[in-house]
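Visitor: Sequence:
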Amino acid sequence: MPLPTRALDIVNVRITFRKAKVPLLEAVSFRDKSKAYAEVLALGHIDECVILQTCNRVEFYLVSREGENIARKLSEYLANRAGVMREEALKAIETALNHEALLHLLHVASGLDSMIMGENEILSQVWKAYLEAESFKATGPILRTAFKKAVSVGKRVRTETGISRGPSSFGAMAVKLAESLLGGINGKSVIVIGAGEMGTCVAKALARHKPYAIFVANRTYDRAVKLAEEVGGKALKFDMLEEALVEADVAICTTAAPHYILTRDAVCRILERRNGNSDLLIIDISNPRNVEKSIKEVTGVKLYDIDDFQTIVEKNLEEKRKGMEKALKIVEEELPLLFKELKEQSVRELISRIVSRAEDMRKEELTRALNMLSSIGDRERKVIDDLTHTILKRTLLPIVESLKAAALNGDEQLIEETVKLFGVENVSLLKWSGANG
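This note's numbering numbers the first residue of the sequence shown as 176 and each following residue consecutively.
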(Lines of atoms letter the chains of each structure in order from A and count residues from 1; the text may use other names and numbers.)
(Lines give C-alpha, C1' and ligand atoms only; values in the text may rest on other atoms or scores of the structure.)
Protein backbone atom coordinates (compact mmCIF):
# COMPACT_ATOMS: atom_id res chain seq x y z
CA MET A 1 0.00 0.00 0.00
CA PRO A 2 1.39 3.43 -0.89
CA LEU A 3 1.93 5.89 1.91
CA PRO A 4 -0.44 8.91 1.90
CA THR A 5 0.68 12.30 0.66
CA ARG A 6 2.57 14.45 3.13
CA ALA A 7 0.84 17.79 3.67
CA LEU A 8 3.44 20.53 4.08
CA ASP A 9 3.06 23.85 5.89
CA ILE A 10 5.00 27.04 5.29
CA VAL A 11 5.83 28.35 8.76
CA ASN A 12 7.05 31.73 9.99
CA VAL A 13 8.29 32.25 13.55
CA ARG A 14 9.56 35.72 14.37
CA ILE A 15 10.54 38.21 17.01
CA THR A 16 10.78 41.80 15.75
CA PHE A 17 11.03 45.42 16.85
CA ARG A 18 7.23 45.58 16.92
CA LYS A 19 7.11 43.64 20.19
CA ALA A 20 10.73 43.50 21.34
CA LYS A 21 13.24 46.14 22.40
CA VAL A 22 16.89 46.02 21.34
CA PRO A 23 18.17 44.09 24.44
CA LEU A 24 15.73 41.25 23.76
CA LEU A 25 16.56 41.16 20.04
CA GLU A 26 20.25 41.06 20.94
CA ALA A 27 19.66 38.20 23.38
CA VAL A 28 18.00 35.94 20.78
CA SER A 29 20.17 36.88 17.78
CA PHE A 30 22.81 34.50 16.41
CA ARG A 31 26.55 35.07 16.22
CA ASP A 32 27.16 31.75 14.44
CA LYS A 33 24.67 31.03 11.64
CA SER A 34 26.14 27.60 10.93
CA LYS A 35 25.37 26.55 14.50
CA ALA A 36 21.94 28.19 14.28
CA TYR A 37 20.95 26.16 11.22
CA ALA A 38 22.27 22.96 12.80
CA GLU A 39 20.25 23.53 15.98
CA VAL A 40 17.04 24.49 14.18
CA LEU A 41 17.17 21.58 11.71
CA ALA A 42 17.83 19.24 14.65
CA LEU A 43 14.30 20.02 15.91
CA GLY A 44 13.19 17.52 13.25
CA HIS A 45 10.54 17.34 10.51
CA ILE A 46 11.89 20.47 8.77
CA ASP A 47 12.24 20.17 4.98
CA GLU A 48 13.46 23.71 4.33
CA CYS A 49 14.66 26.61 6.48
CA VAL A 50 15.76 30.23 6.01
CA ILE A 51 16.88 32.45 8.90
CA LEU A 52 16.45 36.19 8.36
CA GLN A 53 18.29 38.26 10.96
CA THR A 54 18.72 42.05 10.97
CA CYS A 55 19.05 44.70 13.67
CA ASN A 56 15.25 44.73 13.95
CA ARG A 57 14.24 41.10 13.56
CA VAL A 58 15.09 37.45 13.99
CA GLU A 59 12.82 35.37 11.74
CA PHE A 60 12.56 31.77 10.62
CA TYR A 61 10.83 30.62 7.44
CA LEU A 62 10.30 26.87 7.34
CA VAL A 63 8.63 24.13 5.36
CA SER A 64 7.41 21.26 7.52
CA ARG A 65 4.77 18.53 7.60
CA GLU A 66 4.21 19.40 11.29
CA GLY A 67 3.67 23.14 10.95
CA GLU A 68 1.93 23.94 14.22
CA ASN A 69 4.15 21.60 16.22
CA ILE A 70 7.33 23.05 14.69
CA ALA A 71 6.07 26.60 15.35
CA ARG A 72 5.68 25.70 19.04
CA LYS A 73 9.10 23.98 19.23
CA LEU A 74 10.83 26.88 17.51
CA SER A 75 9.09 29.43 19.73
CA GLU A 76 10.38 27.57 22.79
CA TYR A 77 13.86 27.35 21.29
CA LEU A 78 13.90 31.09 20.56
CA ALA A 79 12.54 31.99 24.00
CA ASN A 80 15.18 29.84 25.71
CA ARG A 81 17.88 31.84 23.93
CA ALA A 82 16.61 34.94 25.73
CA GLY A 83 17.78 33.58 29.11
CA VAL A 84 16.38 35.69 31.95
CA MET A 85 14.10 37.45 29.43
CA ARG A 86 12.45 34.15 28.47
CA GLU A 87 8.92 35.14 29.53
CA GLU A 88 9.27 38.49 27.79
CA ALA A 89 10.38 36.67 24.64
CA LEU A 90 7.40 34.30 24.71
CA LYS A 91 5.08 37.33 24.70
CA ALA A 92 6.98 38.93 21.81
CA ILE A 93 7.24 35.88 19.52
CA GLU A 94 4.75 35.76 16.62
CA THR A 95 3.94 32.81 14.38
CA ALA A 96 2.17 32.43 11.04
CA LEU A 97 1.30 29.54 8.71
CA ASN A 98 0.91 29.27 4.94
CA HIS A 99 -1.06 32.27 3.61
CA GLU A 100 -0.18 34.51 6.56
CA ALA A 101 3.48 33.42 6.52
CA LEU A 102 3.89 34.28 2.83
CA LEU A 103 1.97 37.53 3.19
CA HIS A 104 4.36 38.54 5.97
CA LEU A 105 7.39 37.68 3.81
CA LEU A 106 6.10 39.91 1.00
CA HIS A 107 5.47 42.72 3.50
CA VAL A 108 9.01 42.37 4.87
CA ALA A 109 10.68 42.43 1.43
CA SER A 110 8.54 45.41 0.39
CA GLY A 111 9.65 47.45 3.40
CA LEU A 112 6.10 47.46 4.78
CA ASP A 113 7.13 45.76 8.01
CA SER A 114 10.23 47.87 8.63
CA MET A 115 10.76 50.43 11.37
CA ILE A 116 11.72 52.81 8.58
CA MET A 117 8.89 52.36 6.10
CA GLY A 118 10.18 51.40 2.66
CA GLU A 119 13.79 50.88 3.77
CA ASN A 120 16.00 49.62 0.97
CA GLU A 121 18.44 47.54 3.02
CA ILE A 122 15.87 44.88 3.92
CA LEU A 123 15.45 43.86 0.27
CA SER A 124 19.08 42.79 -0.07
CA GLN A 125 18.99 41.29 3.43
CA VAL A 126 16.06 39.05 2.46
CA TRP A 127 17.89 37.71 -0.59
CA LYS A 128 21.18 37.33 1.28
CA ALA A 129 19.35 35.33 3.96
CA TYR A 130 18.07 32.94 1.29
CA LEU A 131 21.51 32.57 -0.33
CA GLU A 132 23.05 31.93 3.08
CA ALA A 133 20.48 29.19 3.76
CA GLU A 134 21.29 27.71 0.36
CA SER A 135 25.00 27.69 1.22
CA PHE A 136 24.18 25.65 4.35
CA LYS A 137 22.03 23.30 2.21
CA ALA A 138 19.09 24.18 4.45
CA THR A 139 16.52 25.27 1.86
CA GLY A 140 14.76 23.93 -1.22
CA PRO A 141 12.29 24.62 -4.06
CA ILE A 142 9.37 25.97 -2.02
CA LEU A 143 11.29 28.69 -0.17
CA ARG A 144 13.36 29.40 -3.30
CA THR A 145 10.16 30.25 -5.15
CA ALA A 146 8.80 32.25 -2.20
CA PHE A 147 11.96 34.31 -1.67
CA LYS A 148 12.47 34.99 -5.39
CA LYS A 149 8.90 36.26 -5.55
CA ALA A 150 9.41 38.35 -2.40
CA VAL A 151 12.43 40.09 -3.91
CA SER A 152 10.57 40.66 -7.18
CA VAL A 153 7.60 42.18 -5.34
CA GLY A 154 9.92 44.31 -3.20
CA LYS A 155 11.53 45.76 -6.32
CA ARG A 156 8.15 46.44 -7.92
CA VAL A 157 6.88 48.22 -4.79
CA ARG A 158 9.90 50.52 -4.71
CA THR A 159 9.65 51.25 -8.43
CA GLU A 160 5.92 52.01 -8.52
CA THR A 161 5.36 53.78 -5.18
CA GLY A 162 6.93 56.59 -3.20
CA ILE A 163 7.55 54.35 -0.23
CA SER A 164 11.35 54.62 -0.49
CA ARG A 165 11.47 58.41 -0.83
CA GLY A 166 13.24 60.27 1.94
CA PRO A 167 15.43 58.43 4.46
CA SER A 168 14.79 54.77 3.69
CA SER A 169 17.56 53.04 5.60
CA PHE A 170 19.00 53.16 9.09
CA GLY A 171 22.14 54.65 7.62
CA ALA A 172 20.25 57.53 6.01
CA MET A 173 18.11 57.93 9.13
CA ALA A 174 21.22 58.14 11.32
CA VAL A 175 22.60 60.93 9.13
CA LYS A 176 19.28 62.78 9.28
CA LEU A 177 19.26 62.47 13.07
CA ALA A 178 22.82 63.83 13.29
CA GLU A 179 21.89 66.71 11.00
CA SER A 180 18.87 67.69 13.11
CA LEU A 181 20.76 67.43 16.42
CA LEU A 182 23.80 69.40 15.22
CA GLY A 183 21.88 71.96 13.18
CA GLY A 184 23.54 70.64 10.04
CA ILE A 185 26.59 68.51 9.27
CA ASN A 186 28.35 71.02 7.04
CA GLY A 187 31.69 71.88 8.64
CA LYS A 188 31.52 69.03 11.18
CA SER A 189 34.05 66.26 11.72
CA VAL A 190 32.40 62.84 11.50
CA ILE A 191 33.73 59.35 12.19
CA VAL A 192 32.04 56.32 10.61
CA ILE A 193 32.90 53.18 12.58
CA GLY A 194 32.59 50.17 10.29
CA ALA A 195 33.06 49.84 6.52
CA GLY A 196 30.46 47.19 5.75
CA GLU A 197 27.13 47.64 3.96
CA MET A 198 25.67 49.90 6.66
CA GLY A 199 28.89 51.89 7.06
CA THR A 200 29.02 52.44 3.30
CA CYS A 201 25.43 53.69 3.32
CA VAL A 202 26.21 56.13 6.16
CA ALA A 203 29.45 57.40 4.60
CA LYS A 204 27.81 58.05 1.21
CA ALA A 205 24.86 59.83 2.84
CA LEU A 206 27.28 61.96 4.88
CA ALA A 207 29.31 62.92 1.82
CA ARG A 208 26.24 64.54 0.26
CA HIS A 209 26.05 66.93 3.25
CA LYS A 210 29.66 68.14 2.82
CA PRO A 211 31.04 67.77 6.36
CA TYR A 212 34.46 69.20 7.24
CA ALA A 213 35.92 65.69 7.35
CA ILE A 214 34.77 62.07 7.14
CA PHE A 215 36.95 59.50 8.88
CA VAL A 216 36.33 55.79 8.31
CA ALA A 217 37.52 53.37 10.99
CA ASN A 218 37.47 49.62 10.42
CA ARG A 219 39.33 46.65 11.88
CA THR A 220 40.36 45.69 8.34
CA TYR A 221 42.26 48.82 7.37
CA ASP A 222 42.15 48.12 3.61
CA ARG A 223 38.34 48.26 3.69
CA ALA A 224 38.50 51.58 5.54
CA VAL A 225 40.86 52.93 2.86
CA LYS A 226 38.58 51.77 0.04
CA LEU A 227 35.45 53.36 1.53
CA ALA A 228 37.27 56.56 2.48
CA GLU A 229 38.47 56.95 -1.12
CA GLU A 230 34.90 56.51 -2.40
CA VAL A 231 33.54 59.36 -0.24
CA GLY A 232 36.56 61.68 -0.23
CA GLY A 233 37.36 60.91 3.39
CA LYS A 234 40.32 59.62 5.38
CA ALA A 235 40.92 56.08 6.59
CA LEU A 236 41.56 55.55 10.27
CA LYS A 237 43.35 52.61 11.86
CA PHE A 238 41.17 51.06 14.52
CA ASP A 239 43.70 51.55 17.31
CA MET A 240 43.56 55.31 16.61
CA LEU A 241 39.79 55.54 17.12
CA GLU A 242 39.94 57.00 20.65
CA GLU A 243 42.49 59.59 19.53
CA ALA A 244 40.27 60.68 16.64
CA LEU A 245 37.17 60.92 18.84
CA VAL A 246 38.89 63.60 20.93
CA GLU A 247 38.42 66.05 18.02
CA ALA A 248 35.27 64.64 16.38
CA ASP A 249 31.78 66.14 16.49
CA VAL A 250 29.91 62.93 15.79
CA ALA A 251 30.57 59.20 15.54
CA ILE A 252 28.17 56.78 13.85
CA CYS A 253 28.77 53.15 14.79
CA THR A 254 27.70 50.56 12.18
CA THR A 255 29.71 47.51 13.21
CA ALA A 256 28.43 44.02 14.10
CA ALA A 257 31.03 43.01 16.67
CA PRO A 258 30.09 40.54 19.45
CA HIS A 259 31.38 43.07 22.02
CA TYR A 260 31.34 46.81 22.71
CA ILE A 261 33.44 48.94 20.37
CA LEU A 262 32.98 51.97 22.63
CA THR A 263 32.81 51.37 26.38
CA ARG A 264 31.90 53.81 29.10
CA ASP A 265 35.50 53.86 30.37
CA ALA A 266 36.85 54.62 26.89
CA VAL A 267 34.39 57.49 26.38
CA CYS A 268 35.26 58.95 29.79
CA ARG A 269 38.95 58.95 28.80
CA ILE A 270 38.06 60.69 25.52
CA LEU A 271 35.97 63.36 27.26
CA GLU A 272 38.81 64.22 29.66
CA ARG A 273 40.89 65.25 26.62
CA ARG A 274 38.24 67.19 24.66
CA ASN A 275 39.15 70.49 26.37
CA GLY A 276 35.67 71.95 26.54
CA ASN A 277 34.67 71.00 23.00
CA SER A 278 30.92 70.68 22.39
CA ASP A 279 29.19 67.46 23.39
CA LEU A 280 30.28 64.37 21.48
CA LEU A 281 27.35 62.88 19.56
CA ILE A 282 27.37 59.09 19.17
CA ILE A 283 24.76 57.25 17.09
CA ASP A 284 24.77 53.46 17.38
CA ILE A 285 22.94 51.54 14.65
CA SER A 286 24.87 48.32 15.20
CA ASN A 287 23.44 44.86 15.66
CA PRO A 288 24.05 43.84 18.36
CA ARG A 289 24.55 47.14 20.18
CA ASN A 290 28.26 48.04 19.98
CA VAL A 291 28.23 51.14 22.19
CA GLU A 292 27.73 50.63 25.92
CA LYS A 293 24.29 51.99 26.82
CA SER A 294 25.37 53.42 30.19
CA ILE A 295 27.29 56.09 28.23
CA LYS A 296 23.93 57.92 28.13
CA GLU A 297 24.48 58.77 31.80
CA VAL A 298 27.83 60.49 31.13
CA THR A 299 27.92 64.30 30.92
CA GLY A 300 29.46 65.65 27.73
CA VAL A 301 28.21 62.95 25.38
CA LYS A 302 24.87 62.28 23.70
CA LEU A 303 24.19 58.67 22.73
CA TYR A 304 21.32 57.60 20.47
CA ASP A 305 20.55 54.05 19.41
CA ILE A 306 17.82 52.30 17.43
CA ASP A 307 15.36 52.55 20.32
CA ASP A 308 15.58 56.36 20.05
CA PHE A 309 14.57 56.47 16.39
CA GLN A 310 10.83 56.14 17.00
CA THR A 311 9.94 59.87 16.78
CA ILE A 312 11.71 60.27 13.45
CA VAL A 313 10.14 57.04 12.24
CA GLU A 314 6.61 58.23 13.04
CA LYS A 315 7.12 61.46 11.09
CA ASN A 316 8.64 59.51 8.23
CA LEU A 317 5.67 57.13 8.21
CA GLU A 318 3.15 59.96 7.84
CA GLU A 319 4.99 61.26 4.77
CA LYS A 320 4.91 57.82 3.17
CA ARG A 321 1.30 56.91 3.94
CA LYS A 322 0.06 57.20 0.33
CA GLY A 323 2.92 55.11 -0.98
CA MET A 324 2.17 52.50 1.65
CA GLU A 325 -1.45 52.15 0.49
CA LYS A 326 -0.32 51.55 -3.09
CA ALA A 327 2.34 49.10 -1.90
CA LEU A 328 -0.28 47.08 -0.01
CA LYS A 329 -2.36 46.83 -3.18
CA ILE A 330 0.64 45.54 -5.11
CA VAL A 331 1.22 42.85 -2.47
CA GLU A 332 -2.48 41.99 -2.65
CA GLU A 333 -2.13 41.49 -6.43
CA GLU A 334 1.08 39.48 -6.21
CA LEU A 335 0.23 37.08 -3.38
CA PRO A 336 -2.30 35.01 -5.41
CA LEU A 337 0.28 34.76 -8.21
CA LEU A 338 2.79 33.36 -5.72
CA PHE A 339 0.24 30.81 -4.52
CA LYS A 340 -0.53 29.82 -8.10
CA GLU A 341 3.16 29.22 -8.75
CA LEU A 342 3.58 27.24 -5.52
CA LYS A 343 0.48 25.14 -6.19
CA GLU A 344 1.67 24.23 -9.69
CA GLN A 345 5.13 23.52 -8.32
CA SER A 346 3.73 21.28 -5.59
CA VAL A 347 2.28 18.76 -8.10
CA ARG A 348 5.32 18.79 -10.39
CA GLU A 349 7.04 16.09 -8.38
CA LEU A 350 3.88 13.95 -8.46
CA ILE A 351 3.49 14.44 -12.23
CA SER A 352 7.17 13.67 -12.79
CA ARG A 353 6.94 10.45 -10.80
CA ILE A 354 3.74 9.33 -12.54
CA VAL A 355 5.31 9.96 -15.96
CA SER A 356 8.51 8.19 -14.88
CA ARG A 357 6.57 5.19 -13.57
CA ALA A 358 4.50 4.96 -16.76
CA GLU A 359 7.65 5.32 -18.91
CA ASP A 360 9.32 2.45 -17.04
CA MET A 361 6.26 0.28 -17.72
CA ARG A 362 6.26 1.30 -21.40
CA LYS A 363 9.92 0.38 -21.82
CA GLU A 364 9.43 -2.93 -20.02
CA GLU A 365 6.47 -3.95 -22.19
CA LEU A 366 8.14 -2.61 -25.34
CA THR A 367 11.23 -4.74 -24.70
CA ARG A 368 9.07 -7.83 -24.15
CA ALA A 369 7.12 -7.20 -27.38
CA LEU A 370 10.24 -6.54 -29.46
CA ASN A 371 11.82 -9.74 -28.20
CA MET A 372 8.81 -11.58 -29.59
CA LEU A 373 9.31 -9.81 -32.93
CA SER A 374 13.00 -10.58 -33.35
CA SER A 375 12.80 -10.68 -37.15
CA ILE A 376 11.95 -6.98 -37.58
CA GLY A 377 14.60 -4.39 -38.41
CA ASP A 378 15.78 -1.21 -36.69
CA ARG A 379 13.39 0.99 -38.69
CA GLU A 380 10.36 -1.01 -37.57
CA ARG A 381 11.63 -1.06 -33.98
CA LYS A 382 11.87 2.75 -34.00
CA VAL A 383 8.35 3.08 -35.43
CA ILE A 384 6.96 0.88 -32.62
CA ASP A 385 9.00 2.79 -30.00
CA ASP A 386 7.70 6.15 -31.27
CA LEU A 387 4.14 4.79 -31.42
CA THR A 388 4.12 3.58 -27.80
CA HIS A 389 5.71 6.83 -26.67
CA THR A 390 3.02 8.89 -28.43
CA ILE A 391 0.21 6.71 -27.01
CA LEU A 392 1.65 7.11 -23.51
CA LYS A 393 2.03 10.87 -23.88
CA ARG A 394 -1.54 11.31 -25.15
CA THR A 395 -2.91 9.02 -22.46
CA LEU A 396 -1.17 10.91 -19.66
CA LEU A 397 -1.93 14.42 -20.96
CA PRO A 398 -5.48 14.67 -19.49
CA ILE A 399 -4.21 13.24 -16.19
CA VAL A 400 -1.43 15.84 -16.05
CA GLU A 401 -3.87 18.65 -16.91
CA SER A 402 -6.33 17.42 -14.27
CA LEU A 403 -3.60 17.39 -11.62
CA LYS A 404 -2.54 20.93 -12.48
CA ALA A 405 -6.16 22.09 -12.28
CA ALA A 406 -6.62 20.23 -8.99
CA ALA A 407 -3.58 22.01 -7.56
CA LEU A 408 -4.90 25.43 -8.57
CA ASN A 409 -8.40 24.65 -7.25
CA GLY A 410 -7.22 23.00 -4.04
CA ASP A 411 -8.86 19.69 -4.94
CA GLU A 412 -7.00 17.51 -2.44
CA GLN A 413 -9.30 14.51 -2.99
CA LEU A 414 -8.49 14.22 -6.69
CA ILE A 415 -4.77 14.45 -5.95
CA GLU A 416 -5.03 11.78 -3.23
CA GLU A 417 -6.98 9.45 -5.54
CA THR A 418 -4.39 9.92 -8.30
CA VAL A 419 -1.60 9.08 -5.85
CA LYS A 420 -3.40 5.86 -4.87
CA LEU A 421 -4.23 4.97 -8.48
CA PHE A 422 -0.61 5.16 -9.61
CA GLY A 423 0.85 3.76 -6.38
CA VAL A 424 3.21 6.69 -5.90
CA GLU A 425 4.70 6.84 -2.40
CA ASN A 426 5.87 9.67 -0.11
CA VAL A 427 4.51 12.59 -2.13
CA SER A 428 4.89 16.00 -0.44
CA LEU A 429 2.27 18.64 -1.21
CA LEU A 430 1.60 22.06 0.28
CA LYS A 431 -1.50 22.39 2.42
CA TRP A 432 -4.22 24.31 0.65
CA SER A 433 -6.08 25.54 3.74
CA GLY A 434 -5.88 29.32 3.96
CA ALA A 435 -4.14 29.47 0.59
CA ASN A 436 -5.93 32.30 -1.12
CA GLY A 437 -5.81 32.59 -4.88
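Where hints are given, some of them may not hold.
[As the list claims (entries may be wrong)] The calculated SDA-like cross-link candidates involving lysine to any residue, where the alpha carbons are at most 20 Å apart (straight line), are:
#1 Lys323 / Lys595
#2 Lys538 / Gln520
#3 Lys579 / Val530
#4 Lys568 / Asp586
#5 Lys595 / Arg523
[Stated by the list, open to error] FRET-style restraints, in silico, Cβ to Cβ:
#6 Gly219 / Gly359: 53 to 61 Å
#7 Glu404 / Lys579: 54 to 62 Å
#8 Glu309 / Ser549: 47 to 55 Å
#9 Ala382 / Pro316: 36 to 44 Å
#10 Ser310 / Glu507: 49 to 57 Å
Don't read these hints as lab results, they were simulated from the structure.
Yeah, the Cβ is synthetic: ideal placement off N, Cα and C, and Gly gets one too.
Visitor: Indicate, hint by hint, whether the structure satisfies it.
Guide: Hint check results:
1. Lys323 / Lys595: Violated. Lys323 to Lys595 sits at ~33 Å, over the 20 Å cutoff.
2. Lys538 / Gln520: 27 Å, violated
3. Lys579 / Val530: Within the cut-off at roughly 14 Å; holds.
4. Lys568 / Asp586: 24 Å, violated
5. Lys595 / Arg523: 17 Å, holds
6. Gly219 / Gly359: 53 to 61 Å: Given about 57 Å between the Cβ atoms, the range holds.
7. Glu404 / Lys579: 54 to 62 Å: 55 Å Cβ-Cβ, so the 54 to 62 Å window holds.
8. Glu309 / Ser549: 47 to 55 Å: 52 Å, holds
9. Ala382 / Pro316: 36 to 44 Å: 43 Å, holds
10. Ser310 / Glu507: 49 to 57 Å: For Ser310 and Glu507 the Cβ distance comes to about 33 Å; the hint is violated.
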